[in-house]
Amino acid sequence: MSWYRSKYGFETQAKYHSNLRNFLEWLYKKTGNPYFRELKEVFEPPKKDSKRLNPILIREPDIHNLIKAVWEKDPTPYLKLKHISGILFAAYTGQRPNSTISKITVNELKEAIKRDHLSCGFRRRKIRRESLTGSPFIQF
Numbered sequence: 009m010s011w012y013r014s015k016y017g018f019e020t021q022a023k024y025h026s027n028l029r030n031f032l033e034w035l036y037k038k039t040g041n042p043y044f045r046e047l048k049e050v051f052e053p054p055k056k057d058s059k060r061l062n063p064i065l066i067r068e069p070d071i072h073n074l075i076k077a078v079w080e081k082d083p084t085p086y087l088k089l090k091h092i093s094g095i096l097f098a099a100y101t102g103q104r105p106n107s108t109i110s111k112i113t114v115n116e117l118k119e120a121i122k123r124d125h126l127s128c129g130f131r132r133r134k135i136r137r138e139s140l141t142g143s144p145f146i147q148f
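Residues in the sequence shown are numbered from 9 upward in steps of one, following my numbering.
What the hints contain is simulated information worked out from the structure, not anything from laboratory work. Check the hints yourself; a few may be wrong.
Here are the simulated lysine-lysine pairs, DSSO-like style, with alpha carbons at most 30 Å apart [said to hold, decoys possible]: (1) Lys90 - Lys122; (2) Lys111 - Lys122; (3) Lys88 - Lys111; (4) Lys23 - Lys37; (5) Lys122 - Lys88; (6) Lys38 - Lys48; (7) Lys118 - Lys81; (8) Lys55 - Lys23; (9) Lys37 - Lys48; (10) Lys76 - Lys118; (11) Lys76 - Lys88; (12) Lys88 - Lys118; (13) Lys111 - Lys90; (14) Lys38 - Lys23; (15) Lys90 - Lys76; (16) Lys81 - Lys111; (17) Lys48 - Lys23.
Please model the complete structure; the sequences and the hints are all you need to start from.
Next comes the structure, spelled out in C-alpha cells:
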C-alpha cells in the first residue's frame, strides 16, 4: 500500500478507497460473510497533504545575515535604511514579502508605528483578520 500512496496523488487514493469500500460492502451483501464488512473498516482513508507553510521559515540568524549583506552591499545610506527597515518590518510582523508587504502604504506603516503594537489591517491580508504583533524579538 505504501507503493500506491507514493505513486498516486490524494484524489486517486480517495477514489480507490471509496471504490474498495463499496466493493467490500457489495461482497458482504452478496455473500453475507461479515468478514468483508470488518475488512472494510480496516482500510484507512487517505490523508490530504497540508498546504500550511512551515511556521519557522526564517530564523533570527538568517535575518542577521541578510541585514549584514544589505549593509555591506547597498551604496547609499538611503537604500541601506530602506532595505533594512523593510526586512525588519517583514520579520517583525511575519508578513509575506510578495503579498502583504508589497500592498502596505507609507501612511499605514506610519499609523502602525504610532501604536504600542504593530498592526496590519485585515483588508491587506490573504486571511481576512487583523494581525497584531507585540514587542520585537530581534535584538542587535
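These are the hints, each one checked on the structure:
no. : hint            : in the structure
1   : Lys90 - Lys122  : 19 Å, holds
2   : Lys111 - Lys122 : 19 Å, holds
3   : Lys88 - Lys111  : 21 Å, holds
4   : Lys23 - Lys37   : 21 Å, holds
5   : Lys122 - Lys88  : 23 Å, holds
6   : Lys38 - Lys48   : 15 Å, holds
7   : Lys118 - Lys81  : 27 Å, holds
8   : Lys55 - Lys23   : 12 Å, holds
9   : Lys37 - Lys48   : 13 Å, holds
10  : Lys76 - Lys118  : 25 Å, holds
11  : Lys76 - Lys88   : 10 Å, holds
12  : Lys88 - Lys118  : 19 Å, holds
13  : Lys111 - Lys90  : 16 Å, holds
14  : Lys38 - Lys23   : 22 Å, holds
15  : Lys90 - Lys76   : 14 Å, holds
16  : Lys81 - Lys111  : 26 Å, holds
17  : Lys48 - Lys23   : 15 Å, holds
When the structure is compared with the earlier hints, no violation turns up for any of them.
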